[in-house]
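So the sequence lines, in the order shown, correspond to chains A and B.
For the first sequence, this note's numbering assigns the number 578 to the initial residue and increments by one for each residue that follows.
For the second sequence, this note's numbering assigns the number 578 to the initial residue and increments by one for each residue that follows.
The hints are simulated quantities; they were obtained by calculation from the structure and are not laboratory data.
A few of these clues could be false.
Derived SDA-like pairs (lysine to any residue); straight-line CA-CA distance at most 20 Å [claimed, not checked]:
id: 1; chain 1: A; residue 1: K735; chain 2: B; residue 2: K779
id: 2; chain 1: A; residue 1: K772; chain 2: B; residue 2: W662
id: 3; chain 1: A; residue 1: K735; chain 2: B; residue 2: K735
id: 4; chain 1: A; residue 1: K772; chain 2: B; residue 2: K779
id: 5; chain 1: A; residue 1: K772; chain 2: A; residue 2: R801
id: 6; chain 1: A; residue 1: K735; chain 2: B; residue 2: W662
id: 7; chain 1: A; residue 1: K775; chain 2: B; residue 2: K779
id: 8; chain 1: A; residue 1: K674; chain 2: A; residue 2: V699
Protein chains: 2
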Amino acid sequence: MSGGSQARRSETPVIAVDAMGGDHAPGAIVRGAVRAVREHGLRLILVGRSREVAALLAEEGATREIPIAHAEDTLAMNEGALAGWRRPRSSAAVACKLIRQGDAAALVSAGSTGGVVATSTVRLRTQPGVLRAALAVALPTRPMPTILLDAGANADAKPEMLVQFAHLGAAYAQTGYGVADPRVGMLTIGSEPGKGNKLARKAAELLHATAADTSAGAPRLDFRGNIEGHDLLSGEVDVVVTDGFTGNVALKSIEGAVGFAFDTIQEALTSSRLAKAGTLLQRRALRELSERFDSDTYGGAVLLGLNGTVVIAHGASSARGIERACLLAADLAGGRIVDQVRRRLHAPSRPHGWLHRLSHADE
Amino acid sequence: MSGGSQARRSETPVIAVDAMGGDHAPGAIVRGAVRAVREHGLRLILVGRSREVAALLAEEGATREIPIAHAEDTLAMNEGALAGWRRPRSSAAVACKLIRQGDAAALVSAGSTGGVVATSTVRLRTQPGVLRAALAVALPTRPMPTILLDAGANADAKPEMLVQFAHLGAAYAQTGYGVADPRVGMLTIGSEPGKGNKLARKAAELLHATAADTSAGAPRLDFRGNIEGHDLLSGEVDVVVTDGFTGNVALKSIEGAVGFAFDTIQEALTSSRLAKAGTLLQRRALRELSERFDSDTYGGAVLLGLNGTVVIAHGASSARGIERACLLAADLAGGRIVDQVRRRLHAPSRPHGWLHRLSHADE
Numbered sequence: 578m579s580g581g582s583q584a585r586r587s588e589t590p591v592i593a594v595d596a597m598g599g600d601h602a603p604g605a606i607v608r609g610a611v612r613a614v615r616e617h618g619l620r621l622i623l624v625g626r627s628r629e630v631a632a633l634l635a636e637e638g639a640t641r642e643i644p645i646a647h648a649e650d651t652l653a654m655n656e657g658a659l660a661g662w663r664r665p666r667s668s669a670a671v672a673c674k675l676i677r678q679g680d681a682a683a684l685v686s687a688g689s690t691g692g693v694v695a696t697s698t699v700r701l702r703t704q705p706g707v708l709r710a711a712l713a714v715a716l717p718t719r720p721m722p723t724i725l726l727d728a729g730a731n732a733d734a735k736p737e738m739l740v741q742f743a744h745l746g747a748a749y750a751q752t753g754y755g756v757a758d759p760r761v762g763m764l765t766i767g768s769e770p771g772k773g774n775k776l777a778r779k780a781a782e783l784l785h786a787t788a789a790d791t792s793a794g795a796p797r798l799d800f801r802g803n804i805e806g807h808d809l810l811s812g813e814v815d816v817v818v819t820d821g822f823t824g825n826v827a828l829k830s831i832e833g834a835v836g837f838a839f840d841t842i843q844e845a846l847t848s849s850r851l852a853k854a855g856t857l858l859q860r861r862a863l864r865e866l867s868e869r870f871d872s873d874t875y876g877g878a879v880l881l882g883l884n885g886t887v888v889i890a891h892g893a894s895s896a897r898g899i900e901r902a903c904l905l906a907a908d909l910a911g912g913r914i915v916d917q918v919r920r921r922l923h924a925p926s927r928p929h930g931w932l933h934r935l936s937h938a939d940e
Numbered sequence: 578m579s580g581g582s583q584a585r586r587s588e589t590p591v592i593a594v595d596a597m598g599g600d601h602a603p604g605a606i607v608r609g610a611v612r613a614v615r616e617h618g619l620r621l622i623l624v625g626r627s628r629e630v631a632a633l634l635a636e637e638g639a640t641r642e643i644p645i646a647h648a649e650d651t652l653a654m655n656e657g658a659l660a661g662w663r664r665p666r667s668s669a670a671v672a673c674k675l676i677r678q679g680d681a682a683a684l685v686s687a688g689s690t691g692g693v694v695a696t697s698t699v700r701l702r703t704q705p706g707v708l709r710a711a712l713a714v715a716l717p718t719r720p721m722p723t724i725l726l727d728a729g730a731n732a733d734a735k736p737e738m739l740v741q742f743a744h745l746g747a748a749y750a751q752t753g754y755g756v757a758d759p760r761v762g763m764l765t766i767g768s769e770p771g772k773g774n775k776l777a778r779k780a781a782e783l784l785h786a787t788a789a790d791t792s793a794g795a796p797r798l799d800f801r802g803n804i805e806g807h808d809l810l811s812g813e814v815d816v817v818v819t820d821g822f823t824g825n826v827a828l829k830s831i832e833g834a835v836g837f838a839f840d841t842i843q844e845a846l847t848s849s850r851l852a853k854a855g856t857l858l859q860r861r862a863l864r865e866l867s868e869r870f871d872s873d874t875y876g877g878a879v880l881l882g883l884n885g886t887v888v889i890a891h892g893a894s895s896a897r898g899i900e901r902a903c904l905l906a907a908d909l910a911g912g913r914i915v916d917q918v919r920r921r922l923h924a925p926s927r928p929h930g931w932l933h934r935l936s937h938a939d940e
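Extracted from the complex, chain A is given alone in its bound form (with noise of 0.2 Å):
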């Protein structure tokens, strides 16, 4: 592993991990850096109360190995959208304080999403040329994950945007999973063009004129039309567009269609008379469904579209869901996905005035 470790090390950016924010924080959080950095040779900072988190590192034998930013105010799990405003020394603001002075490349949090969202859109900004910064989370399906975005960070979107969420999940796609042409469907109801809601409707049209634009100098984006609810988890494309209303409604949806299937056959196995073998089955094949939906798996949510790299870990990450959370950061940030935005959505400078006017518009 060690050669590994140094192969990874000379090319891994600095992770800033938010230690107080998630139901399992500082504990688990501490406890998952550190195995980020022994097993995978990652470079780290932790950012929280000092003293709680010098403790924890200490009886991980681990003091020299983490550094350590303090901040003396963290996020509550409800803090909503004005956290960004109100808490100017939250250990998720401070975080993002490292980025912006070039001390880190990425912030790593378990804290609530609209507090880190609120936080990180306000302290980074959205990147030249970005609209809006967009919620992306990739739903399990296979060989590669399928990308859904926008999650929950714009509940009302314009048809731009929804464009502009194609490239960011497009990057993602390629920098998170080595995914080498993306393959992008829009969220609608009905697979026909015409069919939707004004929104997709209009939105469909600009994203069939991008991907048809081959002009030098544009980013090639490979449209694949409409797709439906139920297409989500067939992985015939590799990402999704859509609104955050509309994108957070359907994750949901998922989420909780699949533990309603989990309890349902549960029932039915338990109260059969072959139980027994029942529960044995159940095991290997419920926990195969509930890694594939565990977040921990997956690392969290990633924040598109912002000056430095946002990973959003589930509240409730165990210690390994941080690790993987800090894995993905790790690979974003390596990867510079900001850098493959910037070359996607670079604007020439007079549209950029206006776009970035349109993205600063109601802050």
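Given the coordinates of chain A, work out where chain B should sit on it, guided by the hints.
Coordinates of chain B only, in the frame set by chain A:
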């Protein structure tokens, strides 16, 4: 049974069954209709090409049991929104004519949802004071199903429409499932008040205001506030309102996720050394799961708010599915759901003016 049949017959309205709609039409439709008459004492009229239908009735030895209304034309399964205007002689259109003439109270069709929605909306019109008809589906929660609407009839909805959907859904839960005082929730992102997109935030305000209105004659509405995607199958509410775009995406996401869970578990089971026992349990457990999602079990979607009851069975409906759809239509028409909706949405004369204009504005 004959006693029950007699009892039912005396109170049962006539249902016009579209013999030509559906993947297995007219065979499965006619067989289902015969079962509905013989086993439940329903009163039906089969609408379609009379020679074909008569021949099938003869095969079942049911020539005298169900009258036939001739319709030379049929809607194609891919028939869209224009069908309403384009196909005045389609079996669905002729069935609507029977309702307008008072010869039938309900329509059952397994034809394309788009075509049946368009045809019946154009030919039956919305009830006075109803802005838009909404498509309602019953999610397989326990002990009672949860009614989700709109499931796709109105891709772009207005906040006032969601308030009406709440009343339509409540009338359905009462008439179709005997829920005395249906609990209504609104589908959005984030359960806290003020979460969601513009439409959801405004609609929630109106729903709270409606629920708070205790003035004489105001229809009672038990609004429980926001629910999220993962609550759709939790049975926390009896009715979930949303716009047709979000509702359709949520419904199909659920269907896709259940299928996905299904396959994942099947894989895991059959790949295990206990495969054999697995197959046994599987059949048991997965049958249980599939039955709960089998549209045949629920009789199909209901288009609410028109001058007549419209039940749209799944396109792949078997004879049993058609039988169930006829039962559902009989329960709804017998329970006078149209009158219930009228009572709930009865609007005083002046408002009625603009409501009515609005409701027919872009038809």
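Distance restraint between A/K772 and B/K779, which requires alpha-carbon spacing of 20 Å or less = Distance of about 25 Å is beyond 20 Å: violated.
When you check the alpha-carbon spacing of A/K735 and B/K735, does it fall within 20 Å?
-> holds, 18 Å
Mind checking the alpha carbons of A/K772 and A/R801 for me, to see if they're no more than 20 Å apart?
-> Given pair A/K772, A/R801 holds - Cα atoms ~15 Å apart, limit 20 Å.
Does the alpha-carbon distance linking A/K772 and B/W662 stay inside the 20 Å limit?
-> The given pair, whose Cα atoms are some 19 Å apart, holds under the 20 Å limit.
Would you mind confirming whether the straight-line C-alpha gap from A/K775 to B/K779 stays at or under 20 Å?
-> holds, 18 Å
Within a Cα-Cα threshold of 20 Å, do A/K735 and B/W662 meet the stated pairing?
-> Given pair A/K735, B/W662 is violated - Cα atoms ~33 Å apart, limit 20 Å.
Does A/K735 pair with B/K779 here, judged by a C-alpha cut-off of 20 Å?
-> holds, 19 Å
Taking only the CA atoms, is the gap from A/K674 to A/V699 under or equal to 20 Å?
-> The given pair, whose Cα atoms are some 11 Å apart, holds under the 20 Å limit.
Of the numbered hints stated above, those contradicted by the structure are hints 4, 6, listed in ascending order.
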